[in-house]
Amino acid sequence: MRLTDASVAIRPRTAWEALDLGTLMARRQCGVLMASWALITLPLLAVLTAVLWKYPLWALLIFWWLKPAYERLPLFILSRALFREMPTLRESLKAFPRLLRPQLFASLTWRRFSPSRSFDLPVLQLEGLSGSVRSQRLTVLGQRDSGAAAWLTFSGLVLEACLYFGLIALCYMLLPQQLMDDLGWQKLLQESGGEWLWLDHLRNWSYALVLMVWEPIYVACGFSLYLNRRTALEAWDIELAFRRLRQRLTGSAYALVLGLVLVFAMPAEHALAANSCPPPAGDFNPYTDREPDDKARLTNQALTSSQAKQAIKDLLAAAPFQNNQMVTRWRFGEEKPEEEPEEDDPDKVAEFFEKLFKLGEGFGAIEMISLIFKVVLWALLISLLALLIWRYREWLRAFASRLGLPQRAKREAPAMLFGLEITPESIPDDVAGTAERLWLENPREALGLLYRALLSRLLHEHRLPLKSAHTEGEVLRLVDRLQQSGLSQFSALLTGHWQNLAYGHRLPDATVRDQLCNGWRQQFSGQEPT
Amino acid sequence: MSVSPANHTVTQDALAVLDSRYKVETPEGIDLQLRPAGVVPRAMAFIIDLLIRGGVMLVAGIVLALLGDFGQGLLLILFFLLNWWYMVLFEVFNQGRSPGKQALGLRVVHDDGTPVGWGASLIRNLLRFVDMLPVGYALGILSSLLHPGFKRLGDLAAGTLVVYRDEPPTRPQIPEVSPLRAPFALSQDEQRAILGFAERQAGLSSGRRAEIAGILAPALEVHADLAEAELNGIARGLLGQA
Numbered sequence: 021m022r023l024t025d026a027s028v029a030i031r032p033r034t035a036w037e038a039l040d041l042g043t044l045m046a047r048r049q050c051g052v053l054m055a056s057w058a059l060i061t062l063p064l065l066a067v068l069t070a071v072l073w074k075y076p077l078w079a080l081l082i083f084w085w086l087k088p089a090y091e092r093l094p095l096f097i098l099s100r101a102l103f104r105e106m107p108t109l110r111e112s113l114k115a116f117p118r119l120l121r122p123q124l125f126a127s128l129t130w131r132r133f134s135p136s137r138s139f140d141l142p143v144l145q146l147e148g149l150s151g152s153v154r155s156q157r158l159t160v161l162g163q164r165d166s167g168a169a170a171w172l173t174f175s176g177l178v179l180e181a182c183l184y185f186g187l188i189a190l191c192y193m194l195l196p197q198q199l200m201d202d203l204g205w206q207k208l209l210q211e212s213g214g215e216w217l218w219l220d221h222l223r224n225w226s227y228a229l230v231l232m233v234w235e236p237i238y239v240a241c242g243f244s245l246y247l248n249r250r251t252a253l254e255a256w257d258i259e260l261a262f263r264r265l266r267q268r269l270t271g272s273a274y275a276l277v278l279g280l281v282l283v284f285a286m287p288a289e290h291a292l293a294a295n296s297c298p299p300p301a302g303d304f305n306p307y308t309d310r311e312p313d314d315k316a317r318l319t320n321q322a323l324t325s326s327q328a329k330q331a332i333k334d335l336l337a338a339a340p341f342q343n344n345q346m347v348t349r350w351r352f353g354e355e356k357p358e359e360e361p362e363e364d365d366p367d368k369v370a371e372f373f374e375k376l377f378k379l380g381e382g383f384g385a386i387e388m389i390s391l392i393f394k395v396v397l398w399a400l401l402i403s404l405l406a407l408l409i410w411r412y413r414e415w416l417r418a419f420a421s422r423l424g425l426p427q428r429a430k431r432e433a434p435a436m437l438f439g440l441e442i443t444p445e446s447i448p449d450d451v452a453g454t455a456e457r458l459w460l461e462n463p464r465e466a467l468g469l470l471y472r473a474l475l476s477r478l479l480h481e482h483r484l485p486l487k488s489a490h491t492e493g494e495v496l497r498l499v500d501r502l503q504q505s506g507l508s509q510f511s512a513l514l515t516g517h518w519q520n521l522a523y524g525h526r527l528p529d530a531t532v533r534d535q536l537c538n539g540w541r542q543q544f545s546g547q548e549p550t
Numbered sequence: 007m008s009v010s011p012a013n014h015t016v017t018q019d020a021l022a023v024l025d026s027r028y029k030v031e032t033p034e035g036i037d038l039q040l041r042p043a044g045v046v047p048r049a050m051a052f053i054i055d056l057l058i059r060g061g062v063m064l065v066a067g068i069v070l071a072l073l074g075d076f077g078q079g080l081l082l083i084l085f086f087l088l089n090w091w092y093m094v095l096f097e098v099f100n101q102g103r104s105p106g107k108q109a110l111g112l113r114v115v116h117d118d119g120t121p122v123g124w125g126a127s128l129i130r131n132l133l134r135f136v137d138m139l140p141v142g143y144a145l146g147i148l149s150s151l152l153h154p155g156f157k158r159l160g161d162l163a164a165g166t167l168v169v170y171r172d173e174p175p176t177r178p179q180i181p182e183v184s185p186l187r188a189p190f191a192l193s194q195d196e197q198r199a200i201l202g203f204a205e206r207q208a209g210l211s212s213g214r215r216a217e218i219a220g221i222l223a224p225a226l227e228v229h230a231d232l233a234e235a236e237l238n239g240i241a242r243g244l245l246g247q248a
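Protein chains in written order, with this note's numbering: chain G, 21 to 550; chain F, 7 to 248.
Next up, chain G with everything else stripped away, as it sits in the complex (with noise of 0.2 Å):
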């Protein structure tokens, strides 16, 4: 038995994995399984009903006390699989014998309560253990994980009762009302006679079946748990991995022959040859030897050209290359044969509209109901709508102008900047000209007047987005963002000398007024009727 050929895969797990690898065990090789399972005991359960027809929960008793001796052929399927040498039906069946011997007196008396009997099964029946040394071996392999086994058997129990009085409960719900009427679970109790014997043996069955089911899976998550504490105890990975690793490096062909070799229960002679032939060294390759090499080119390197063509095969019948789907739906199935008119046979033909047109008013008639029905549930719809939004639409008012989009707020130009009134109706027209007159008498009011309609007309024909907030400075820069020079220099001038004028009180030069005036009017002259 070489590790390398074990059919799972090899790694120390936790006592709860490891019972769900040994379902996952069962579930592979369900149908050997579970077809010796009922050949073995249904024939037996059979016999006992027959022998013990008058009491029929003696022999229930006595199958269910006989349990370990069945158990023992699942093992020796799951043990054989495991290395996958998978034993036929009739191999099983022929070997069954040869397992009840070992201890089986001890197995259905002392021990047929032991809790961990799951886990101590493969040393008794693969190891062949017995007497102190099996009690040993019990001490070590049961210093982790029989808890696990324990509450197996304990979660063993509660589903078999589940699933049993789920059959029952089956049966039950599938029986006729009308039979169920005559019945009357009463008088199914009182009557204990043996008219209703039948219905007993029936329900012995019917835990016969649930054993059928749970047992292999029962055993397999036990010889799963013995197989996971020796996985542990002996490091059966790591061997995996350095003579793995060691095959690499120095390329010799490994004889992956188990150190401590699981006894298994076969013959001798027969793991004696296992044992001592290993395969051929040097050209051993593990691919090659198991595939039948058919027009097999390249067969000198490391990858052959069957492995590759294999390997591209699959590659492109995997996901990203092959996304098949099934799309399952749900239609009728009486509307095709109304559709498909035989018109050979006129009669055939004429009754056939006949029946359609007929039909045909029979859907007329179903159409107008449900088009009645359509419309009262929308107008009911749009009713119970109208009457939510009426009565909640004080609550409407208050907060559903605040559930709308954000609106960007208008801009409201503002009337006055540096306190200076800059509206366009306060600016006269001509405002050089003002400007000009103004300045002999009051030069500060001249110049105010021109600063003042430069802000307005920045903000009302340039668009500046000017707010009372803003210094001279900043609006400077908002110009110089508009990027006209000639508007931007007359906008720094002036606002040079008003600044100079308003804060520091320094009367500009008399050229200044010339200057400002002519800037002006060379600036806005196209809308400035001069």
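Coverage of chain G stretches by chain F, computed from C-beta distances (three or more under 8 Å per stretch; other residues unrestricted):
| hint | region |
| --- | --- |
| 1 | 175-181 |
| 2 | 255-269 |
Here are the simulated SDA-like cross-link-like pairs (lysine to any residue), alpha carbons at most 20 Å apart as the crow flies:
| hint | chain 1 | residue 1 | chain 2 | residue 2 |
| --- | --- | --- | --- | --- |
| 3 | F | Lys29 | G | Leu335 |
| 4 | F | Lys29 | G | Arg31 |
| 5 | G | Lys333 | F | Ala22 |
| 6 | G | Lys329 | F | Ala22 |
| 7 | G | Lys114 | G | Arg100 |
| 8 | G | Lys487 | G | Gly439 |
| 9 | F | Lys29 | G | Asn343 |
| 10 | F | Lys29 | G | Pro340 |
| 11 | F | Lys29 | G | Pro32 |
| 12 | G | Lys87 | G | Arg132 |
| 13 | G | Lys87 | G | Arg121 |
| 14 | F | Lys29 | F | Leu162 |
| 15 | F | Lys29 | G | Ala339 |
| 16 | G | Lys87 | G | Leu113 |
| 17 | F | Lys29 | G | Thr34 |
| 18 | F | Lys29 | G | Asp334 |
| 19 | G | Lys87 | G | Tyr227 |
| 20 | F | Lys29 | G | Leu44 |
| 21 | F | Lys29 | G | Ala29 |
| 22 | F | Lys29 | G | Ser27 |
| 23 | F | Lys29 | G | Ala338 |
| 24 | G | Lys87 | G | Val67 |
| 25 | F | Lys29 | F | Gln194 |
Bear in mind the hints are in silico, worked out from the structure with no lab data behind them. The model shown is predicted, which means the values in this text are computed figures rather than measured ones. Where is the CB? At the ideal position from N, CA and C, for every residue including glycine.
Chain G is already provided as a structure; the job is to place chain F on it using the hints.
Just chain F now, kept in the frame of chain G:
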């Protein structure tokens, strides 16, 4: 996200290696390893939850019996909450863990490994009443025995999975020897195996340790008796400074 149960194709391909892991591939091409939990631990978790709920109902029943009809009404409401919302609320607010699942180290996740949400949790718990049919969860038991990811019908409908929680790893103990460099390049799996050898020494017998280490003695070019110390040194070297 494409979800591929690692052991789904097992029945078709007899050569495939059976494993209890479930691989989820993220769009980034990263494989997440989930470990679905089977019938036995889930049944245990359910029994614990059942006992807790039964206990709460019992205590509440005794206390509320003092209140007469009003108490009976409250008891019915409590029963409704425990019956329909106990699992859902715990799963959504406690990272997919009801108290029973918490005790067994389980949690509920979506098929792609993301935490379970309201929709999935509601569906999987409402469909308990299908899993219970005909009596005592028989359908659910059969379904999770047959499914490679151990799903009951509610899990199938909601697209959820009950997995083992990953406990935060503890720093393993490695024998104190002077670190060595491996005389050959090692792949990740091989490094892991050597580290595993050093970490699990306490659980192995000395004879078994020598036997396993002896496998690599020719490759390490040392005598078989010294291979074990050499491997420990390499493991220490791989681990780096603590």
